[in-house]
Amino acid sequence: MTQTTLRNTSPKLDKERIPRMFWGKLLVWGLFTALMLLLGIKLYQTTLGPVSRGTAPDFTLTTFGGDSYTLSDHKGQLIVINFWASWCGPCELEADALEQAWRQYRNHGVMFLGINYVDTENEALAYLKKWGVTYPNGPDIRTSISQDYRIKGVPETYIIAQDGTIAGTVIGPIEYNNLTNALDLLLNQ
Amino acid sequence: MFRLLASTGITSLLIFYCFGEVSAQDAQPSDDEVNTIAKQLYCPVCENVPLDVCGTKACAQWRDDISDKLADGWNEEQIKQYFSDRYGIRVLAHPPTQGFNMLFWLLPPVSIIIAWFLVLRTNHNIFRKKHMYKQSIAKQVRAEEYIGQLENDLEQWR
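Those protein sequence lines, which keep their order, are chains P and C.
Take 356 as the starting number for the first sequence in this note's numbering and just add one per residue.
Take 2 as the starting number for the second sequence in this note's numbering and just add one per residue.
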């Protein structure tokens, strides 16, 4: 009984227990807050649409032929980035328009880059051959580029202005006239 | 002589049959073999649907790719590694437990442990408060008994 009384009232022991409890609670709440923050950030990211303004996320694309293109190396050039896949029906609707635009604008300093999203190489190459695509195309390894651009599906097209900012985003198949109008506008600026 | 010819013929047929089976297996893996690997993969296009039951064209192409690779002599680990390297670890049903990925494996059990810790601690605090209240009453009673005893002893000493 006397021991119990001493344990409950000893100022020395209380002084030791209070900080220990404080750090324990702090650790538990810290972990809980970190977990909630992580979940919150992930949820927030899923609500964001595709990148539509500001500086275009940089990336390096290695084409099916083995050439390498880094976006930041082409600053000062107008760039059209197209996300596509061989299994994507709507991509076929724009394949010809993109190729025609590329042939028309390649000599005006416009760069076209095709980014093949979640596709098998054989099917992707067969698609490129079928549609006679000649501009650089390569796989999106580990889907890192599509994640940076937060694409919601394919096809999606991004027009990067000469200053490296995103000048236009097209979700779904792009039409030849819309693309050439946008390119003309940016080239004449 | 006839027996010798017959046994040689049967043996040759058996050998041909056996090798024929093996070469046919090498050329075209069965759906079960493909699905054994496919069920361990998830195509990013159709989230939360394993590749073996996914009905999209993209998934069908992936299954064909697995089939081709099996026919080329790749083993399960090599194929999974290929898909992971090409499409990211999110395509794996069981991502490797190393680096940052460890967090995804650790978070659920750690969360459960923390939750249990909080429940036990709350229960303990409630129990402790009840116990302390009972103790304080008992202590008060005993103190009164002690004071009574002390007073009696003092009376007797006087």
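Don't take each hint at face value.
In silico lysine-lysine, BS3-like type, Cα no more than 30 angstroms apart, as pairs [to be verified]:
#1 C:K70 <-> P:K484
#2 P:K485 <-> C:K135
#3 P:K380 <-> C:K130
#4 P:K397 <-> P:K485
#5 P:K484 <-> C:K58
#6 P:K397 <-> C:K131
#7 P:K397 <-> C:K40
#8 P:K485 <-> C:K131
#9 C:K58 <-> P:K507
#10 P:K507 <-> C:K40
#11 C:K81 <-> P:K507
#12 C:K135 <-> P:K380
#13 C:K70 <-> P:K380
Quick caveat, the hints were computed from the structure, so don't treat them as lab data.
Keep in mind it's a predicted model, so treat the numbers as computed, not measured.
Status of the hints after comparison with the structure:
1. C:K70 <-> P:K484: 23 angstroms, holds
2. P:K485 <-> C:K135: 86 angstroms, violated
3. P:K380 <-> C:K130: 19 angstroms, holds
4. P:K397 <-> P:K485: 39 angstroms, violated
5. P:K484 <-> C:K58: 19 angstroms, holds
6. P:K397 <-> C:K131: Not satisfied, since the Cα-Cα distance of roughly 43 angstroms exceeds 30 angstroms.
7. P:K397 <-> C:K40: 26 angstroms, holds
8. P:K485 <-> C:K131: 80 angstroms, violated
9. C:K58 <-> P:K507: Distance of about 18 angstroms is within 30 angstroms: holds.
10. P:K507 <-> C:K40: Answer holds: P:K507 to C:K40 is near 25 angstroms, not above 30 angstroms.
11. C:K81 <-> P:K507: 25 angstroms, holds
12. C:K135 <-> P:K380: 27 angstroms, holds
13. C:K70 <-> P:K380: Violated. C:K70 to P:K380 sits at ~53 angstroms, over the 30 angstroms cutoff.
This entry does not satisfy hints 2, 4, 6, 8, 13, going by the numbered hints stated previously.
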